[in-house]
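Okay, here's what each chain looks like letter by letter:
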Amino acid sequence: MRAFTLVGFLAFILVLSACSSESGGNGGDSEASEDSVTLTIGSWRTEDKASYQKVIDKFNEENPDINIEFKPSKNTEYNTILNTSLQSGEGPDILHLRPYAPGIELADAGYLEPLDGLEGLDQYPEETLAASKGSDDKQYGVPLNISTTQMFYNKQIFEDLGLEEPQTWEEFMTLNETLMDEGITPISLGTKEGWLLSLSHGIFGPAHYGGNEFVEKITAGESDFTSEEFQSSIEAMDELKQFFPENYEGLGMEDIRTMFFTGDVAMFPLGSWEIEVLREMNPELELGFFPMPSAVGKDPTITTWVDGSYAINANSEHKDAAKKFLQFMTTEEFGTMFTEEFKMISAIPGIESEDQLVNDLGKAVEEQSTPYMMLVHFSGGNPSTKATIETELQGMYLGERTPEEVANAVQESAKSWYEPLQ
Amino acid sequence: MKPAMNSVVKIKKQRDWKRWTIHLFPIPALIIYGLFIVYPLFAALTYSFFDWKGIVRGEFVGLKNFRDLFTLEPFSGLFWNAFGHNILYFVLQMIFQNGLAFILAYIIYKKVKGSEFLKIAYFLPRLLSVIVVGFLWKLILNPNYGALNVILEKLGLEQLQKAWLGDPDTALISIILVNCWYGIGFGVLIFLAGLQSIPKELFEAGKLDGADGFSMIRKIVLPLMVPSFMIMTVLTFIQSFEAFELVYAMQGSQGEPYHSTDTLAVYFYRLAFGGSAGGSTTAVGLGSALAVVLFLFISFFTALYLRYMQKKQVDM
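Chains as they are written, first to last, in this note's numbering: chain A, 261 to 682; chain B, 1117 to 1432.
There could be a bad hint or two in this list.
Stated by the list, open to error - Computed, partial: chain B to chain A, Cβ under 7 Å:
id : residue
1  : Val1207
2  : Pro1241
3  : Ser1245
4  : Ala1279
5  : Gly1282
6  : Asp1285
7  : Tyr1374
Treat the hints as calculated values from the structure; they're not laboratory data.
These numbers were taken from a predicted model, which means no experiment stands behind them.
Ideal placement from N, C-alpha and C gives every residue a C-beta, glycine not left out.
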């Protein structure tokens, strides 16, 4: 009998979610006041529930008639739950939209309401808006936050050894050598989980392919992944493995984080969302970061992308109320609150943070940002090009692939769906 | 006369009513079965005939998804790769889980000291949720602080230390062996029940005929254990080809590292739902096609095997 259950997994979840999801629209009917409505927000940020409540309370000061429930689901299951509930004509009124291809997929499928004429959208830079712009060129999401990846480092270790933030790739490599000589593992990275590899390529890659210029060229179809620039970025990834911890092929996210915050490893190439976690795990840790210095004579880079936007369900019965909340999400008031509460970089330009590190990161983003190319431009296809580079790099670290083969496989994958490269 | 007739009719009527009500009892089960098993089965079948744009159903494409699954790279390569892993799953489980389970069951049956305790001890892992088992073993197999490598170091066997779950040579085998550890208690129970149902007289008769321990096992125990072996083989077969939970718990949905732990069910999950990593695309049509293929494969071979074994049993 169990054979059936697997086959039916797909539709089973569909039925389940249809049964259990309360449509946000119906909730408001029983309210005492006729004008009051209840909106639900779907998200994958279960850890942010308390902070969102504060945001909602703030919103309610001016809009007491709109009740809002923040109802997140587990990160890894959010897509499935959201997709199936949207398919059955339900789902939350406001939804946290994955950036780029997977989110735009929903917009193109007609599940989202275009945000034509929403005030405040014009303040965002074009690349920020691109994260939730449909193929019809309409805007479907209000960008929430900018995520960044860069090299974090343990200030204490650097200070003890008299090391400084590197300004060129050569200095970076010397720094690694010095740390090795002192018996400290330089870079906390493991290759067991593929997503860490596309992510770290996002950090180290621009230093070799030359940042934004190459991104512009490849998205215009003037260069490709077999080019020397790109191949050298894969070779650099290969070369760095000598600075990874022992048994790096068996280490996952939690292992490398632990090694970094306990001070066993000096540097940690990861994303801005780790700042809070690291501080919580080790409040003593003196955390610093530096933009990745270039190997080809360009400026150092901070890798950025929009990590989520908020969109309105086309099936919502309270689109006007939902628009009001999205409008609120474009205000400076919200941006400031968001930065303070969530310790993340707001997508709204020019928001200052009281947290020194977050503030510095925000400044660096405005001056030295380069897109996380695999996520922003190449997360389409099936398997996606981003997934392909993850698997291929894993193969390279296991000695089954040469950097050249990795680059060729990435090119093959991109060619299969990305028009400018066809 | 008359009153007696009446009561006979009454009893008969009652009986009819009772017989009739019997048919009502399966209804709740049938509804649940239909809703959660039969309906999804046909839903998956219909899904597999369509082209999908993300999560939106596109045109009817007939068998194209099936053809792509078997002929279009990288899908076909990944399919056969995962298929091979399922076969390995089955073979290793038959050897390590069921083979060992039989030996252990026989030892318990022979009433060694502490056999009551052993019976429970072997079944203990089964009481844990698969997710807990996966998490536990992930910790034990951790290359840097995991118990296994630490023990190897203490024993002076550093050269055997490995990144167990990060090395494609050992990752899948580690997971399968954990699965064996998890499933062995169930096998012991089934085999023990089989052993205990062998009439004692047969052993006595065997003794009189001069059979020693080994030929007793070969001539009396094994033939009479055929039904138990049959059950365990079918269950192991189905379970091996559905292997998902433990792989997912220990390695996630990407079949990492480098597709070395992909099973058909994990591959299905990734195709249909886009994997566990936040934003990835889905291929619902291909996923459904894979699910249908998997279903047909499992049902075909299970039916074939059961029919063959039943015949064999009758022959004996």
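Unmet hints by their number, sorted upward, for this structure: The structure conflicts with hints 1, 2, 3 and 6, although it agrees with all the remaining ones.
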